Amino acid sequence: MAAPKVAVVGAGVVGLSTALCITESCPSCSVTVLSDQFSPNTTSDVAAGMLFPHTYPGTPIHVQKQWFKETFTYLFAISNSAEASEAGIHLVSGWQVFKDTPKEELPFWSDVVLGFRPMSEAELQKFPQHQFGQAFTTLKCDCPPYLLWLEKRLKATGVQIYTRKVADLWELHSEYNVVVNCAGIGAQQLVGDKKIFPVRGQVLKVHAPWVKNFIRDGDGLTYIYPGIHRVTLGGTREKDSWSLSPDPGTTKDIFDRCCSLEPSLRGAQDIEVKVGLRPSRQSVRLEREVLSQGGVKLPVVHNYGHGAGGFSVHRGTAKEAARLVGECIAALQGSSSRAKL
Amino acid sequence: MRVAIIGAGVIGLSTALCIHEQYHGLVPSLEMEVYADRYTPHTTSDGAAGLWQPYLSDHGNLQETLWNKETFDYLLGHLGSAAAKEMGLFLISGYNLFTQPVPDPSWKNIVLGFRNLTPKELELFPGYSYGWFNTALMLECRSYLPWLTNRLTQRGVKFFHKKVESFQEMFAQGVDVVINCTGVRAGELQPDPELQPGRGQVIKVLAPWVKHFIITHDIKSGIYNSPYVIPGSEFTVLGGIYQHGNWNEENSAQDHKTIWENCCRLLPTLQEAKIVQEWSGLRPARPRVRLERETLRHGHSQAEVIHNYGHGGFGITIHWGCAMAAARLFGSILQEKKLASPPQPRL
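Residue numbers (full-length UniProt numbering), protein chains in the order written: chain A, 1 to 341; chain B, 1 to 347.
Treat each hint with caution, since some may be false.
Coverage of chain A stretches by chain B, computed from C-beta distances (three or more under 8 Å per stretch; other residues unrestricted) [claimed, not checked]:
{"hint": "1", "stretch": "77-85"}
{"hint": "2", "stretch": "207-220"}
{"hint": "3", "stretch": "262-270"}
{"hint": "4", "stretch": "277-289"}
By construction, these hints were calculated from the structure, which means they are not laboratory data.
Because the structure is a prediction, the values reported are computed rather than measured.
The beta-carbon is built from N, C-alpha and C at its ideal position, and this holds for glycine as well.
Next up, chain A with everything else stripped away, as it sits in the complex:
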């Protein structure tokens, strides 16, 4: 096969990074990205983009750690380069605070982030309602810049990017040799996956440029993540809610919770409310499948269901997906050379 044609469905952080990994591991592949939504209208654009792992109950911890480490290492190198500001990647330090001491004081990712250590008594005094905390430095991928930077890198390698709503992966079988499904929450409808469900998150993006540190409550519900131009205040985790409309009562509640962690936020300006549906699943669906109809086969690689951890593991899962694409292509080439005999 001279130039295997690969279609990547989805242009969020997973779709774009997967497409990029495929161009890196398969330079002869002709890669096309198809999506009905692009930045700034993807789920990724709502997220703060903090590198802070979410634990997938159905995936072995060592695999999740590998994905996180790979992603962290990749972004760390970019954050240190002249491209950092264009890519929207920057280091940020801060605290995760707990009202009750967590069972697991050393999470699996503690040696991947920088400078991880328990908070001192003096640091905890700033959080009178919390009795335990962790201090560390991690990375943040600001969107839209990161997605736009990925798009730019893709176009530079000749990847075509089209706006197209794919209703059924099979519709691509005549144009492409391999299809990669990075449709996120869209996978529920696209491939009929009943195991994926939305976890609705509402956030506020505010102008508060004096906030330089992140603060996160260990319960995962209240967080303050400073980005390049705006600070993301969160949030909610509403399982099975499909509503993309901002709720004013929730806005007030998020703002109040964040102000109790960081009182200076009372002075925040320009409050913008956004809603995203985390594409949640017990485990990320990262596997091959072969669709077939009437003797015609279409190899598919699924890479979706990253839930709250998309940014944290995107590069690691993208590389794995690219590896699976390589396997699909090898299988196609194997069978086509057999067919020639």
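Using the hints, position chain B against chain A.
Same frame as chain A, but now just chain B:
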């Protein structure tokens, strides 16, 4: 009782507020005036990035370390208040970098979360093999000085835009106590060979993706002669110039080049930063802060001066501790004049 503060930088205004807060209630006749030829945003304080951080070594000046601590604790206490944003006060974390191991600083237990850098963190800074991480405070004078001015104005303190030529000029007007917060130009009021300008230059840029301060140190070239990057609430300050004895307040193209090249080498992403402003100022450098009373003859009577100047590159860092010390000196003057007894417990 007329009190005149000369100087409206961070030292002058904070000393004025501290004294007024403590003694106005005890001395109803207290009239306070501020005299300065430069007000915010044209003071030396305004040019500083505003990072709370003392020099690496206190040279045995334990008194100064205590004043630094007093200032940090005072500011930390204000962090959660509604005034913090208006004061220009916020927490910031960051890095101090060295080319060789150094002893821990006197302020390691004053700041929050002080620790050594890990090998992975040092990978961010090629050329540096040792360093510290800690969380400290920023106090931006372009907000803090107006905030102090508002508090003082509310209290009825009067401001005069005037260059005072001598202490006698004040006494001749009927001022009883002069608080001398004239910074680098204190020598014009009273010669002080120990006071020298420590000229600095900074470039202010837009680089909102930088969230940490980064201060490098070169033991050979001395404090502040090594690049530093300090992100503020709006601009990021790039610096690394300290020229002892240089009175020139004009920006130097050579210094600009030095700062820009060194900071971009330290943090390559700064190449994308937009330059917004350039500024030079004179740190009021002195082997130790001059914080003491002086009784001067004025005709047949005595007049009092409290000196509070010579804070070098750590004025913001030490200001409140010094203001409190100056206020104590003021209190002793009042006691001598039998204008106030020390606060008695109420029965």
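For a quick check of understanding: which of the numbered hints are violated here, in increasing order? 4
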